[in-house]
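Residues per chain are reported as follows:
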Amino acid sequence: MNKKEGDILARKFRERLADFKLPVSEDVWKKIERDLPPRHKPVMRGMWMRRISVLAACMLLLLGMGWYFSTMQRDVTENFGLTASETPTIIEPINCKKLSQKPQLTVIANGEKQSCIPSLHAQGRIRRSFEPASLQRNDNSNDESFVAHNDNSSIVHHDNSQSNQGDHKGSPLQAEDVATARGADAPIIRRKTKRPVTLALAYGNQRTSPAADLQGWYPRTFSEVMTLSEDLLPDNLSATDVHYDMPIAVSLSVRKNFAEDWALESGLTYTYLKSTETRSFPKGNTMSKTLRLHYLGVPLKLVYSIYDNHRLSLYASAGGMIEKCVSGRESTENTTSDLSIPELQWSLSGNVGVNYKLSDTFGLFVEPGINYYFDDHSGVQTIRKDKSLNIGVQFGLRLNY
Amino acid sequence: MNEKDLVSGCQHGDNVCRRHLYDSYAQQMMGICYRYTGDIQTSEDLLHDGFIKIFEVVRSFQYRGEGSLRAWMSRIFTNLSLEYLRKHCLRDAFSLEKYSEEPLVDAEQDLDRIPSAVLMQFVAELPTGYRTVFNLNTFEEMPHKEIAQQLHINESSSRSQLARAKAILFEKVKNYIRQHE
Chain A
1 MNKKEGDILA RKFRERLADF KLPVSEDVWK KIERDLPPRH KPVMRGMWMR RISVLAACML
61 LLLGMGWYFS TMQRDVTENF GLTASETPTI IEPINCKKLS QKPQLTVIAN GEKQSCIPSL
121 HAQGRIRRSF EPASLQRNDN SNDESFVAHN DNSSIVHHDN SQSNQGDHKG SPLQAEDVAT
181 ARGADAPIIR RKTKRPVTLA LAYGNQRTSP AADLQGWYPR TFSEVMTLSE DLLPDNLSAT
241 DVHYDMPIAV SLSVRKNFAE DWALESGLTY TYLKSTETRS FPKGNTMSKT LRLHYLGVPL
301 KLVYSIYDNH RLSLYASAGG MIEKCVSGRE STENTTSDLS IPELQWSLSG NVGVNYKLSD
361 TFGLFVEPGI NYYFDDHSGV QTIRKDKSLN IGVQFGLRLN Y
Chain B
1 MNEKDLVSGC QHGDNVCRRH LYDSYAQQMM GICYRYTGDI QTSEDLLHDG FIKIFEVVRS
61 FQYRGEGSLR AWMSRIFTNL SLEYLRKHCL RDAFSLEKYS EEPLVDAEQD LDRIPSAVLM
121 QFVAELPTGY RTVFNLNTFE EMPHKEIAQQ LHINESSSRS QLARAKAILF EKVKNYIRQH
181 E
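Read top to bottom, the protein sequences are chains A and B. Just so you know, we're using this note's numbering here: the first sequence kicks off at 1 and counts up by one. Just so you know, we're using this note's numbering here: the second sequence kicks off at 1 and counts up by one.
Errors might be hidden in some of the hints.
Claimed, not checked - Below 16 Å or equal to it, Euclidean Cα-Cα: the simulated EDC-like pairs (lysine to aspartate or glutamate) are: (1) Lys12/A with Glu141/B; (2) Lys4/B with Asp360/A; (3) Lys3/A with Glu171/B; (4) Lys21/A with Asp39/B; (5) Lys31/A with Asp45/B; (6) Lys174/B with Glu5/A; (7) Lys53/B with Asp35/A; (8) Lys12/A with Asp39/B; (9) Lys31/A with Glu140/B; (10) Lys53/B with Glu33/A; (11) Lys31/A with Asp23/B; (12) Lys30/A with Glu108/B; (13) Lys4/A with Asp110/B; (14) Lys172/B with Asp112/B; (15) Lys12/A with Asp112/B; (16) Lys3/A with Glu108/B; (17) Lys357/A with Glu367/A; (18) Lys12/A with Glu140/B; (19) Lys30/A with Asp49/B; (20) Lys357/A with Glu83/B; (21) Lys53/B with Glu83/B; (22) Lys4/A with Glu108/B.
Read the hints as simulated data drawn from the structure, not as lab findings.
Generate coordinates for the entire structure from the input sequences, incorporating the hints supplied.
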């Protein structure tokens, strides 16, 4: 046999026998069936780990939802411009014949009356004050003036719609007056101390300082001030509503399993934030400002597979994200300006997700979860600063390859 | 049921899919085992062990298109067969024997006349060492260096084993042709 014959022989054997099928006795399958490994029950494996994961995820979700909805009820137009340490005391409403008809707000500093000024709204409801800490308005029906404000002052608000304009017309209300009024069969004075958390939240809803707040809202030069009509001049007791649009996030992520049930996920996330602040003034004028921010972020998550079958998989994930504001724009009715936020936004998140496999390659998923955003100390107010704990739902298409 | 679904079902322990996979590939895998061991009973034992192993480790298998499942299973059965041969048959299986080396008139044509089952029988009847080297080189297309590493023999020994295996097969083919002329 020469080499050529040897090669032909090998090739022929390979062609004829590579897929050669040999009959198999039925006994073989019976033995295999007997010795088969049990059906995989992924839910049963690592039961405690999975239970704990699910429980933790659910608790986080519930806590987040509870917190979210409880804070949603809070009027975002709470007083601000005062720090929590100032702990203002509000008295409202008061019906006293001795008091003027106009609702009044009296500022008492160190126990002494400083001024008496009209209420913000006819309803006698104090909303958000735009009064800078250093200024107070003194409005005695015919006389308006600004007086120095003491940091330790407290605010007394009177709604005396049924009162006449007697001896006390236009006069400031003193603590003694309040006491007298109570003793003189009229009105019950309710003292309400605002919750620190509310104040702190309201304060945080603006820029980092009252001065910055004014700069953000009002013309910065004297000439600009002069161009405004009197009606639009900043009223120290104006109020604002802040409306946050639902943040929109689009992400592209990659998930890599590093163990049977564990995976790391990262990618790129784009987030769009929009908020509109509307400032109302006592004379009915309003000013609004819209803030549009575009963020790019890189998340990093640890993903744990809780359950997996042909069609459905359930998983929990936890991790963090670092984001950078790549573009920002602040616009009012007349002006638009770019806004830069150099600070990075850090956040933590916890999610549970369900993935429905359309095929081995494609799947649809939905991921409810909670996110906690750390203060980025940027001075720009966003929904993340106002509500650092948020719940959210992500849904999308997953590609497996 | 396509292969993807079959794999997915086996990965989740679906017994219907397991049976389907067995029915689809058992005879081919039996052929591989028999080609290596030359013994039906041993091949069936290896078939049993191989499928049990496949069902245990199928979760780690990633389907990469047509042919990938068969290639993966073939590798498992080949390795099982080699493991069996190492333990039981290969210690003194590489002694060289002398065979006549008369040439065929037309090797290609002569081989085509022989049924596959007979060719398989010829391989099965080879001495274990020759058969193993022949299988690895011819069917797995393994170079002699790798065969030597796998079987813990010298590379030259692998070459001579292959040459001897081919010579024996040649002889058997010749005899068969002669008897059936």
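List, from low to high, the hint numbers that the structure doesn't satisfy.
8, 9, 12, 20
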